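Build the full structure now, drawing on both the sequences and the hints.
Residue numbers (this note's numbering), protein chains in the order written: chain D, 1 to 89; chain X, 1001 to 1398; chain L, 2001 to 2346.
No lab work stands behind these hints, which were simulated from the structure alone. Everything numeric in this text was worked out from a predicted model, so none of it was measured. Even glycine gets a Cβ: it sits at the ideal position worked out from N, Cα and C. Honestly, I wouldn't trust all of these hints.
Unchecked claim - Capping the alpha-carbon separation at 25 Å, the derived lysine to any residue pairs in SDA-like fashion look like this:
1. X:LYS1148 x L:LEU2231
2. D:LYS25 x L:GLU2040
3. L:LYS2073 x X:LYS1148
4. D:LYS22 x L:LEU2121
5. L:LYS2221 x L:ARG2327
6. L:LYS2181 x X:LYS1148
7. L:LYS2073 x X:PRO1258
Stated by the list, open to error - Residues of chain D placed beyond 12 Å of chain X at every Cβ, according to the derived structure:
8. LEU24
9. ILE62
10. LYS70
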Amino acid sequence: MIEPAALKLKLKEQIIQYLNLKDLKPEDIKDDDLLFGGDLELDSIDSLEIVVLLEREYGLKINNANEGRKILIDVNRMAEYIIANKTDL
Amino acid sequence: MPRAIVTGMGVVSALGRDCRENLESLQNGESGIRKPLFLQSRFSSTHLFGEVKTSDAEFKERLGLSSDIGFSRTDLMALHAFEEAVTQAGLSQADLSSPDTAFISASTVGGMCLTDQLYADSNLLGEGSSFVKAYSFGAHTLSIALLKNIKGYSTTINTACSSSANSIMLGARLIKAGKIKRAIVGGTDALAKFTINGFNSLQILSADSCKPFDEFRTGLSLGEAAAYLVLESDACCRGKKGLAEVLGYGNANDAHHPSALSDEAVGVVAAISGALHTSGVLPEQISYINAHGTATPNNDITELKGIQKSLGFIPPYSSTKSYTGHTLGAAGSLEAVFSIFSLLQNEIYPNLNCETPMKAFSERPERKLRRDIPIRFVLSNSFGFAGNCTSLILGKAS
Amino acid sequence: MYIKDLSCISPQQTYSQAFLQGRIEHFKTNHYLAAEPSYEELIPSSKLRRMGKVMRMGIGTGLPLLNKYPETKGIILATSEGGVEDSMNFLNQVVKYQEGALTPTNFVQSTPNAIAGLLALMTKNTGYNVTHVNKGLAFESALTDASLFLEEEPGARLLLGGLDQFSVYNYNIELLAGAYKKHFVDSSQLLGSGSPGTVCGEGSAMFIVDSQKKGALAQIKGVGQGSGLSLAELMERLRALLTSSNLVPEDIDAVVLGYNGDSETDTWYDKVRQELFPHQAVYSFKNLVGEYSTVSAFALWFATQLLSGFMPPKEAVLKASGEKPKRILIYNHHRAVQHGYMLLTV
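Structural data, given as structure tokens:
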């Protein structure tokens, strides 16, 4: 079982890598920073990139936009979703 | 000012290998979207496609090409449709080779339909396939120009899904400005793992037949096609049977998002307004709209908003993508040919698969074959990635 | 059609004044890579993070021009391959993940009109927006489109450009097709190297064009193109281009020719010189920037600088002239199959 704090750090690193956010370091993203509609300036294509991140890195499939909207809110919510749905962390 | 008259058309799509077969399928309301026969993809077993029911080998045989020629499916379909168009227009070899003849094509896939060969060649995994000159977007244009001895202006346009509408626009502009006497205009795109996976990654690829203008539409069905029109200046095609006239055109950029249209439909409104302006046709004179109608959530609602804004009302409309799938770089010219069928036959071909019409608009797409109204002017819309919006207005040849 | 302003990123220091002031980059391999500027002040990092090289070069050259001329009515670009890196990255994903979960950014960026589209988006330019991709004639095709547009709308101003990037994938494909030399040649030895094939370059050249003479850097008097021409047909076309401006070959002061060191096809340039322009000054440019499909956009940038009094480096002078040229003919071919030509005057 991975610690939530460690998972969140890893998630931030992966978000930076997948979205090519070269200027950012993990510590620049707070756990409750809004991914969309906040200072990160992410858009709908980024949300699809994060969906691929979840599938490739955690084997979790998000099948529709409504489901995605409830999960891809901030790092906190993403980590909760991963912990709740993934068994072999 | 010279006028741009359509004197020939050639088409190959999921509905058939020539104009007659395509027209019959439209009249019979028969969709060409089904389980693919030739497509090599993981999606072949899970998704339906508007695949052309002719193998590459059969195309080569029909075209009299050697079986080992390095032509992609994009090239083969283009050449096939090109032949029908120039034959119907009665163009001679001298016409084709004249500096006054332009060839303006379009493709968004080019030779990328050869996914596996391209992967091997671009990563130097072998000695090189026979297709090394067939991958670029413009490869089919050059191959046809060399094969047919076309020596005048030739170009390939790639503005994503509006590409071949822009080919028609450019050909008509060159003729109307008196720069050339005739132009063969259109586009071609084969089904490709590249585009299938691309639209799937954007979550806008439908597994079932696409449902344009349905409240519960699930995205686009991909198809493949090639379609060409011969446009001739009215002064040099006297005595020929004119099929239609390209009256107006407008191209604009939505300037909003890389892969979606703005809520305000800025680009759509500007494109339609441009077509009205250049044609002099009034909004109330538009008899029918062959809509872009891709069946993505974003396109269909934005397109209707744009039509409402620019015309002030929504005329009868349908999306023939419910028959052919979205044929990308060929869609603009394919749908121009279908629009000309509407003008010639005074028919509106019904929009298939629209079971629950969209709530936002009371105007519904035509869902039955209509033969009760004269079709005088048709508006054909084509919108693409990176905000590219093009509208054409076609009329009867007088 | 008049050139009002221009911008260029190339393997030479053309984005700054350094190249015009005499600084020359030399290349020891067959890849002439662009000297890219820092884009940080021009492009927000939220946009820069998604851009492949061709997109960066396109925004880097086009955006400052559009900012300077906000009333520009449309954007007409030429690129043979567009976002080829994105295309190939996406293709590699298709193969690697066996058509599984793929990231869409590469796909969206791969369409060649993404460059003209992003320029439109960043400047809220909703006008005419078309991208020509016809291999070695894409730029000439775009130029004709622009010239037609300015005849239709005489008061309009356009952004016109040609750009392509080096990518290892495309290099490999063209290598298999026999386009490049099998051994590395120093750029100083490229012309006259006596072996088949050439070297690969990249770059972006953009122009603000309109129909008003006032303040113009140069006038484009004519442009033409043809595929599969014979030598005789080419000569006839070049004469016709001059005739259409009431000129004869003797009226031309200088020719800018697409010599690229390919022993099999440079003969076309030799013939044009011998038959039509035996006494004129001759300049080359591909030993500075390499060969690519839209390199004639660089040739137009280079020729415009010559008309403005730029003293070309010795590397580009095949035959010198003491005087500043007033009328220049540019002729370039792609693999001796696609031929393009432009006539430029002060």
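Going through the hints against the structure:
no.: 1; hint: X:LYS1148 x L:LEU2231; in the structure: holds, 18 Å
no.: 2; hint: D:LYS25 x L:GLU2040; in the structure: holds, 18 Å
no.: 3; hint: L:LYS2073 x X:LYS1148; in the structure: violated, 36 Å
no.: 4; hint: D:LYS22 x L:LEU2121; in the structure: holds, 23 Å
no.: 5; hint: L:LYS2221 x L:ARG2327; in the structure: holds, 10 Å
no.: 6; hint: L:LYS2181 x X:LYS1148; in the structure: violated, 31 Å
no.: 7; hint: L:LYS2073 x X:PRO1258; in the structure: holds, 20 Å
no.: 8; hint: LEU24; in the structure: holds, 21 Å
no.: 9; hint: ILE62; in the structure: violated, 10 Å
no.: 10; hint: LYS70; in the structure: holds, 16 Å
Comparing the model with each numbered hint stated earlier shows that hints 3, 6, 9 do not hold.
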